[in-house]
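Once you've looked at the hints, dock chain P against the given chain H.
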Amino acid sequence: MASRLQRLTFPGTTAGLAEAASRLRSFLDGVALAGERRYQIELAFDEIVSNIIRHGQPATDVEVVVSLDGPEAVLTFDDDGHSFDPRGHTPRPLDTDLEHAEIGGLGLGLVRRFATRFDYERTPRRHNRVTVAIPLS
Amino acid sequence: MNMQIAPLAERHVKVTLAGRLDTPGADSIETRFLASLIPDANNAIIDMSQVDFISSMGIRMLVSAARSLKMRQALLAMYGVQEQVNQVLELVAIHQMIPVCKTEAEAQAAVGLRVA
Numbered sequence: 001m002a003s004r005l006q007r008l009t010f011p012g013t014t015a016g017l018a019e020a021a022s023r024l025r026s027f028l029d030g031v032a033l034a035g036e037r038r039y040q041i042e043l044a045f046d047e048i049v050s051n052i053i054r055h056g057q058p059a060t061d062v063e064v065v066v067s068l069d070g071p072e073a074v075l076t077f078d079d080d081g082h083s084f085d086p087r088g089h090t091p092r093p094l095d096t097d098l099e100h101a102e103i104g105g106l107g108l109g110l111v112r113r114f115a116t117r118f119d120y121e122r123t124p125r126r127h128n129r130v131t132v133a134i135p136l137s
Numbered sequence: 001m002n003m004q005i006a007p008l009a010e011r012h013v014k015v016t017l018a019g020r021l022d023t024p025g026a027d028s029i030e031t032r033f034l035a036s037l038i039p040d041a042n043n044a045i046i047d048m049s050q051v052d053f054i055s056s057m058g059i060r061m062l063v064s065a066a067r068s069l070k071m072r073q074a075l076l077a078m079y080g081v082q083e084q085v086n087q088v089l090e091l092v093a094i095h096q097m098i099p100v101c102k103t104e105a106e107a108q109a110a111v112g113l114r115v116a
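Note that the protein sequences, when read in sequence, are chains H and P.
According to the working numbering, the stretch in the first sequence is residues 1 to 137, in order.
According to the working numbering, the stretch in the second sequence is residues 1 to 116, in order.
Chain H extracted, bound-state conformation (with noise of 0.2 Å):
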C-alpha cells in the first residue's frame, strides 16, 4: 500500500516550486487521489508555497509535509524566511469592474474557501509554519 505520508524540501524558488509540485502529484497519483480533493491540495500547495516565495523573502528552504491519513488532508508549510503570518491577510472583496480590478491578492482567499483549518505558528526554529487542513470527503 502506498504511502499516504509526503516529505517535500526544496528551494524557496519559483523553479523549487515547480520541481516540488510535480512530486506532489506523483504522490497522488500513488494514493489514487483525483477530482475536486486533489485539485483543492495541489492549489493549496501553489498558494501557500508562492506566498512564501513572494513574502517571505529570503526564505532558502521549504518543507511540506502532506498528510492523507484521516478525514482531513493536512499540509504543513515550513520555512525559514522572514516572520509572516498569512492570517493577517484579509481576503478582499471580489472585483466586478475590469477597470478598477486590483491585480493580484486572490491566492489565500481561495485556499481560506475550502480549508478547514488555516493556522500559523512561528516555530521555536524561527520558522514559519502554515498548517491548512482540507476535508477528503
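Hints are computed from structural coordinates only; laboratory data are not their basis.
These figures come from a predicted structure and were not determined experimentally.
Virtual Cβ for every residue (Gly too), placed ideally from N, Cα, C.
Take these hints with a grain of salt, some might be off.
[As the list claims (entries may be wrong)] Cβ-Cβ distance ranges computed for the label pairs, FRET-style:
| id | chain 1 | residue 1 | chain 2 | residue 2 | range |
| --- | --- | --- | --- | --- | --- |
| 1 | H | L5 | P | R72 | 30 to 40 Å |
| 2 | H | T96 | P | S49 | 25 to 35 Å |
| 3 | H | G35 | P | A9 | 34 to 44 Å |
| 4 | H | T13 | P | A109 | 19 to 29 Å |
| 5 | P | S49 | H | D97 | 22 to 32 Å |
[As the list claims (entries may be wrong)] Below, computed lysine to any residue pairings styled on SDA-like, alpha-carbon distance capped at 25 Å:
| id | chain 1 | residue 1 | chain 2 | residue 2 |
| --- | --- | --- | --- | --- |
| 6 | P | K102 | P | N86 |
| 7 | P | K70 | H | F114 |
| 8 | P | K14 | H | L98 |
[Claimed, not checked] Among the chain H residues that face chain P by a calculated CB cut under 7 Å, a handful are:
| id | residue |
| --- | --- |
| 9 | T14 |
| 10 | L17 |
| 11 | L43 |
| 12 | D46 |
| 13 | L98 |
| 14 | E99 |
| 15 | A101 |
| 16 | R112 |
| 17 | L136 |
Okay, now just chain P, sitting in the frame of chain H:
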C-alpha cells in the same frame, strides 16, 4: 506551459494555452503573453480547453491582460474552460470581468469578430 498565438483578423488573435496555469506556468509565459497582446492592442480569444489547472497567479495574468486591453479599447474573452478550472474562476467571479464562453464562435463574437 505551452502557448501558441495565431492571427484571426486585423487586431484579432487566438491564443491557445496548454498545461498548468499555476505559479510556475504563469511565470513561464506571462511576459510573452502580455507582449503579444498589449502593445498592439490585439483583441484576443483564449482557448482554455487544454488548461487543466489554474491558480491565482494564472488568474492574475488573465485579469492583467484583460484590464490593459480594455484601457486600449480592446477585448479579451476565453472559451472551452475545463470544469474544475471553471469552478476556481467562479470562486473569484472572473465571469463578471471577462467573458467566459462555451465555444470559439461565442468568444469571437464577444471580442467583436464577425463569425462567418
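Consistency of the hints with the structure:
In this structure the hint that L5(H) and R72(P) lie 30 to 40 Å apart at CB is violated, the actual value being about 50 Å. Distance hint for T96(H) and S49(P): a CB-CB separation of about 26 Å, consistent with the stated range 25 to 35 Å. Between G35(H) and A9(P) the beta carbons are some 40 Å apart, a value that agrees with the proposed interval 34 to 44 Å. Taking 19 to 29 Å as the suggested C-beta distance range, the pair T13(H) and A109(P) does not conform, at roughly 42 Å.
For the pair S49(P) and D97(H), the supplied restraint of 22 to 32 Å holds, since their beta-carbon distance comes to about 28 Å. Between the alpha carbons of K102(P) and N86(P) the distance comes to roughly 11 Å, so the proposed pair stays at or under 25 Å and holds. Note on K70(P) and F114(H): the hinted pairing is violated, with a Cα-Cα distance of about 32 Å set against a maximum of 25 Å. Under the criterion of a C-alpha separation no larger than 25 Å, the hint pairing K14(P) with L98(H) is consistent with the structure, at around 21 Å.
A hinted interface residue such as T14(H) counts as satisfied when its beta carbon comes closer than 7 Å to some beta carbon of chain P; here the least separation is about 5 Å, so the hint holds. At a threshold of 7 Å, the smallest CB-CB gap from L17(H) to chain P is about 6 Å, leaving the interface hint in force. This hint holds: L43(H) has a C-beta 6 Å from the nearest C-beta of chain P, less than the 7 Å allowed. Against a cut-off of 7 Å between C-beta atoms, the interface hint on D46(H) holds, since the closest Cβ of chain P lies about 4 Å away.
Look at L98(H): its Cβ gets to within about 4 Å of chain P, closer than 7 Å, so that hint holds up. With a least beta-carbon distance of about 6 Å to chain P, the hint placing E99(H) at the interface is held under the 7 Å criterion. Interface restraint check: A101(H) against chain P, minimum CB-CB distance 6 Å, threshold 7 Å, status holds. For R112(H), the interface hint is violated, since its Cβ never comes within 7 Å of a Cβ in chain P; the closest pair sits about 11 Å apart.
Hint status for L136(H): violated, given a least beta-carbon distance of 16 Å to chain P, over 7 Å.
Hints 1, 4, 7, 16, 17 from the earlier list are contradicted by this structure; the remaining hints agree with it.
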